[in-house]
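Just so you know, the protein sequences line up as chains A and B, in that order.
So the first sequence is numbered by the numbering used here: it starts at 196 and just counts up by one.
So the second sequence is numbered by the numbering used here: it starts at 3 and just counts up by one.
Simulated from the structure, these hints should not be mistaken for lab results.
Source: prediction; values computed, not measured.
Wrong hints could be hidden among the right ones.
As the list claims (entries may be wrong) - Here are the simulated lysine-lysine pairs, DSSO-like style, with alpha carbons at most 27 Å apart:
no.: 1; chain 1: B; residue 1: K30; chain 2: A; residue 2: K296
no.: 2; chain 1: A; residue 1: K363; chain 2: B; residue 2: K46
no.: 3; chain 1: A; residue 1: K363; chain 2: B; residue 2: K56
no.: 4; chain 1: A; residue 1: K327; chain 2: B; residue 2: K89
no.: 5; chain 1: A; residue 1: K363; chain 2: B; residue 2: K145
no.: 6; chain 1: A; residue 1: K327; chain 2: B; residue 2: K145
no.: 7; chain 1: A; residue 1: K334; chain 2: B; residue 2: K56
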Amino acid sequence: MASNTRIILICSGKGGVGKTTLTANLGVALAKQGVRTVVLDADFGLRNLDLLLGLENRIVYTAQEVLEETCRLDQALVKHKQEPNLALLPAGNPRMLDWLKPDDMQRIVTMLTKEFSYVLIDCPAGVEDGFKNAVAASKEAIIVTNPEVSAVRDADRVIGLLNTNGIKPVQLVLNRVRPQMIANQEMLSVDDVTDILALPLLGLVLEDQQVIVSTNRGEPLTLSDNNSPASHCYSNIARRLQGEQIPLIDPSKEGSGLRNKFMRLMQTKIF
Amino acid sequence: MEKHKTQTDKNFLNLPYLKNSDWREALKLKLSDIKSGGVELNCKDWYFNCRDLKEVISIIQRSGFKLLLIESNIPTTIVSASALGIKADLYIEAGENTQTTNINSKLDSLSKPLFHQGILRSGENIEADGDLFLHGDVNPGAKVSAGGNIMVWGRLLGIAHAGKGGEENAKIAALQLRPLQLRIANQVARGPQEEPEAGLAEEAFLDRQQIVIRPVQIKSFYKTN
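The task is simple: from the sequences and hints, build the whole structure.
The structure is reproduced here in C-alpha cells:
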C-alpha cells in the first residue's frame, strides 16, 4: 500500500480561502467512500483542523511527541467519531515551529503512508518555513483559491514555487463561487481564473452559508447526507480525486431552477 | 582543463555536459580536488529544479565549502536558483569548443537572445543581458528585464523592463501587451487599462522620452539600430 499512497498538499498562499475547510470535507468524503484517509495539520502555528473535525477534545499526543519518540504513531492518531476510516494527526504546539525541519515532515508522512491510502496535508498560509516543510513531504497538490484578484495572485505565486519543487500534478479548486455575482460580472469568472493559473480544474465549490454553521459545530458538511450545495461540491471533488468522471457544474446554469429564480426575483429591486 | 583557481578563496567548478553521466558523482569528484574556500558552480546545460539544487548545496556543504554562485545556460536552473536565494548568472558559450568562461565570450554573448519557455508566475523573474525571447505568458506580479529587446510570444501581464542598461532603442513586444508597468531605459509607464484588440500584437518603444504603444511593425523590429 505504501507506494500507492497519495500525498496531497492542500495550499493556497493567501489565508482564509478555505484550505482547512476543504481538507476536512475532503477527508470525510474520501473516508465515506471507504478509503483509509489521514489528514495532517501542517499549520503548527495556528492549528484548527481539529476544531473543524470536532476532535479538539480527543487530542492526547501530537506529531511533536511522535517525532520525539515519546509516543507511538497510533497513539497520536485521532480516529474520527463517525468515520472510522478517517484519522487526524494533530500538529504540535506553536513552539515546535523553531525546530521542525523538512526532514521531520518527511519522516512523519512516511510513517503515515504505511497505513493510509490518502494523506491530506493542510498547508499553512504564506510561503515561509511552514509552507516549505509541507512541500518537502508532498507529492501532488491542490490549490484552493477564491474568485478574487488577490487570492488568484497568491495562488499563482504558490504554483510557481510548487513547479520548481517538482510537485506534480497540481490541480485547482475554486472556492466560494457565487454564480449570481459572476453573471452580473461583479466577480472573476471561472474562465478568468483558469486562464491566468493555467491548471486543470478539479472542482468548483459554491458559496454556502451552511459551511459556517458546520465549521462552528465541528461537523464537516460531507459528514451528514444533507443536500447543501457546498456539500455536493466537496463530495464530487473527492470522487474526481478517485478517478471518477463527473462533469463540472456550470455556474451560469446554477440557480436556474424555479426556486432560485424566485429567490433572485426577491433580491432584485424591481419596485 | 575544467577547473580554474583565480583567487585563493574562490573555486570555479564546471559540471560535465554528458547527459547520461551522474552530476552528483561528478560534483563530488570535483570537490575532492579543491582545498578550501567558496565555490562558483557552472551547471552548464543541466536542468535543475529546487530539489536538485538543494541537493547540490548539501553536497557542497557536506564537503565543507560554501556555494557562492550558480552559473547555467538553462533559464529553468537560474529561476530555481533565484527561488532558493542563490546568486545566479546566465552563462552563454561563444563557440562549440569553449569549455571555460572568459570575458570575451561573455561579451560576444550579449548579442545572443535568451530563450525561455513556460509561464512566468507571480514573484518569478528573469533577466537577460541581451535580448529576451519568451514563449509563454508573463503573469501579473512576474518581472522580465533585458539589456536589449523583450519579445513575448504570449501575454505580457506583469512588469517588463527593456534596455535596463540605458539602451533607449530597446523595444517590448507581446502578442497581448497588457502589463502592469513598462520600463524602457530610464522611463517608466503604467500599462494600458483598456482591453486590447484581440489578435493584435503590440510593441512599446521610446519616443521623445515617452513610452508609446502601437501595433507591431515587423520592419521596425528587425531594423538594426
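- prompt: Which earlier hints turn out false for this structure, listed by number in ascending order?
  reply: Checked against the structure, no hint fails, so every one of them is satisfied.
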